[in-house]
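Keeping the supplied structure of chain A fixed, place chain B upon it in accordance with the hints.
There are 2 protein chains.
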Amino acid sequence: MALFVQKFGGTSVGTLDRIHRVAERVEKTVRAGHQVVVVLSAMSGETDRLMKLAHEITSQPDDRELDVLLSSGERVTIALLAMELRGRGINARSFTGRQVGIVTNSSHTRARIAKIMASPVQQALAEGVIPVVAGFQGVNERSEVTTLGRGGSDLTAVALAASLKADRCIIFTDVDGVYTTDPNIVPSARKIHKLSYEEMLELASLGAKVLQSRSVEFAAKYGVPVEVRSSFQEGEGTLVTHEDADMERALVSGVTGDRNQAKITVVGVPDRPGIAADLFSAVAGSSISVDMIIQNVSQGDLADISFTVPRSDLPRARPLMEKVKVELGAQRIEVKDDVAKLSIVGVGMRSHSGVASRMFQTLYREGINIMMISTSEIKISCMVNEQDLNPAMKALHEEFGLSEPVQAKPNLG
Amino acid sequence: MALFVQKFGGTSVGTLDRIHRVAERVEKTVRAGHQVVVVLSAMSGETDRLMKLAHEITSQPDDRELDVLLSSGERVTIALLAMELRGRGINARSFTGRQVGIVTNSSHTRARIAKIMASPVQQALAEGVIPVVAGFQGVNERSEVTTLGRGGSDLTAVALAASLKADRCIIFTDVDGVYTTDPNIVPSARKIHKLSYEEMLELASLGAKVLQSRSVEFAAKYGVPVEVRSSFQEGEGTLVTHEDADMERALVSGVTGDRNQAKITVVGVPDRPGIAADLFSAVAGSSISVDMIIQNVSQGDLADISFTVPRSDLPRARPLMEKVKVELGAQRIEVKDDVAKLSIVGVGMRSHSGVASRMFQTLYREGINIMMISTSEIKISCMVNEQDLNPAMKALHEEFGLSEPVQAKPNLG
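Top to bottom, those sequences are chains A and B.
All residue numbers for the first sequence refer to the numbering used here, where the first residue is -9 and numbers rise by one.
All residue numbers for the second sequence refer to the numbering used here, where the first residue is -9 and numbers rise by one.
Any given hint could be a false lead.
Put simply, identical chains are the same to the list, so a pair is met inside one copy or across any two.
Derived pair list, reagent style SDA-like, types lysine to any residue, alpha-carbon separation capped at 25 Å [to be verified]: (1) K105 with E131; (2) K18 with T48; (3) K18 with Q50; (4) K105 with S133; (5) K42 with R11; (6) K155 with R102; (7) K326 with I175; (8) K315 with D294.
If you're looking for bench data, these hints aren't it; they were derived computationally from the structure.
Keep in mind the model is a prediction, meaning the values are calculated, not measured.
Here chain A stands alone, though its shape is the one from the complex:
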């Protein structure tokens, strides 16, 4: 008998028919003799609907009240699923964030979990009850409703799994796992069977929508094995867990591309100490997130500083840069918004040198120009022209053997 936390997202409980299917899946696990704790999101679209109501009623809705409003969504799904399970003869019981004992700080709409009282759920399990838990929500120390922000339901599931020492936390979603790259761009992309927390974190920060970084960090910290799998079809998904011997065989586990990128260059800045600090403290105050940075002395005592920001932040970044230009005495600002970030991720890079040069050579062979480079221990990212992104992803996917069929190895292939 194992203990599973099964989390179903908004699209998985978006209609009554889908809730039926969730019930079937939970029932199957229960009938197989396992213990199950279910965590649910609100029906897909419900959170948007409520947010729209809030912004229609007042221009700046109060955060505390937003949380009261938004937390109504999961009450609907947990009650409906608990009813349906009871109708099937399974002793299920709904738990709100408060009832399950998720205590957070008071940062409404983006609260952080302070502690989880595992006892209500443990007691329910001991009584043979299947707890159906509202994701995304908790209460602060004054027992006021809070919500955990984007990806909050995943976090609830992982945190519960950690506090219950569950055998596995399974995130059921609308994709069937994490892929070696985007199958829409590279048709030979394959599902990754096993992935380390670090790789998943890099992939998440590179825009893979499957799991939010917060949940992966939490899972890594407490060693919770997390599986991402499809709620619409059978079959194993991707298991995210501690790095193990198997994984090291793979040099590169995934190739990603991110088009939400723009490059800003401040041209002709008088080169004196502290100039980069001045520039980026101005940007930091605006909550625009800067990713890669290059500074090179162009001619004499004038430097060029280039950096990338999410393309969606450009409208806010442009006026800011015009101000910075004047303050720093720069010659001009250049903005290039047809760029994209290309990355390869893999724990294998730790123990194998030469991965970077293989990447650069592959791109050179394809005639692709690299504008900027940034690396971490298990990741290499290059800024390229947007039009080069798809061919670059295909070439790298091929180069690092990700398209080959897996031969009975449970690793990254």
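Then chain B, alone, in the frame of chain A:
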């Protein structure tokens, strides 16, 4: 400075535009220097929508889970109103049933209030905060969500007003008060300015939809003055309070008619002791509510027993009566479903005799046949043919002077 509890029903918060108007009304009261506690229902239609979901997902939804589901509705309205008030610079804060300290028994979907911890609301008021409270909901001793059943939000408002010793509990609704009779049937019907709890209770039990009996009973027990008024227009409504000297001047304060009536006659029952007890214990077990009863010995040792039930209960009553017929050895069952109940209500009946005979004479003069009669201290009801109901109501309304204009008397007219 007075303390008001202002309760707004589902139609009053049914759209964002209407919530704006509620906010305006609350703001006006606050700006006039009063303390206000707001109690809200869910948006109109929301409870029906959720009930429908529950019954679509499973044929017999669990009551505990129904309460979790239904209680989501008021969270939406309290959060939206609190946001809007804060947007207007009013320090409002939402309170769920749990946060406001409404503790009930564990009869899910029809819980009874066990106690109210007034302190959270009192503390908020002391801090200058306007509490915006979810009606209809509470928690049991194990902190599980419960709901109070039909008219539950009115009950929340009245109970809060009692525990806070509020100066008045104002129920804002889609009618502007209690009328002397149905204005659709008798165009000269007038709004009643002041009504005793007992009269309101009789009117509620006779089908006046304005206030549920439970809320009126609660208000009477704790002496809470309750005013029913329109949320869509200005002007005083109907004040329900203790009987006072003014009220006694009115013989009759209202005339009501109820078409949801059917008469069942068990013909030719062998007349032996205990036969009525046998008959009605069979009916009682079915949760069909019997109203008026007549038993008369027709011939020799055979009796006829007639009684009335809500017409909507007939489908369940018919098969039951066929069974009873066999068990009691009766000759046959007669059902008449084109009957209606005509009633007059007024505290004046206590001190004035002759009201009943005046009622009967009036009906006789109009050629209306009375089939059954039942009376209480302040009410007389007659069963008549349904086709006679409207002329009977008009005639009685006229006879007891209810159509006359009120001349600067704050009483029932």
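Taking the hints in turn, this is what the structure says about them:
Proximity of K105 and E131 under a CA criterion of 25 Å is satisfied in both settings, with 10 Å inside one chain copy and 24 Å between copies. In this assembly of identical chains, the alpha carbons of K18 and T48 lie at most 25 Å apart only when taken from different copies (18 Å versus 46 Å within one copy). For a Cα distance limit of 25 Å, the shortest separation of K18 from Q50 across copies, 22 Å, qualifies, whereas the shortest one inside one copy, 45 Å, does not. Taking the shortest alpha-carbon separations for K105 and S133, both the intra-copy value of 13 Å and the inter-copy value of 20 Å come in at or below 25 Å.
In this homomeric assembly, K42 and R11 come within 25 Å of each other (Cα to Cα) only across copies, at 19 Å, whereas the closest approach inside a single copy is 29 Å. In the homo-oligomer, the alpha carbons of K155 and R102 lie at most 25 Å apart inside one protomer (20 Å), although the nearest pairing across protomers, at 40 Å, exceeds that limit. Proximity of K326 and I175 under a CA criterion of 25 Å is satisfied intra-copy only: 23 Å inside one chain copy versus 75 Å between copies. For a Cα distance limit of 25 Å, the shortest separation of K315 from D294 inside one copy, 12 Å, qualifies, whereas the shortest one across copies, 101 Å, does not.
Going through the hint list in order, the structure satisfies each hint without exception.
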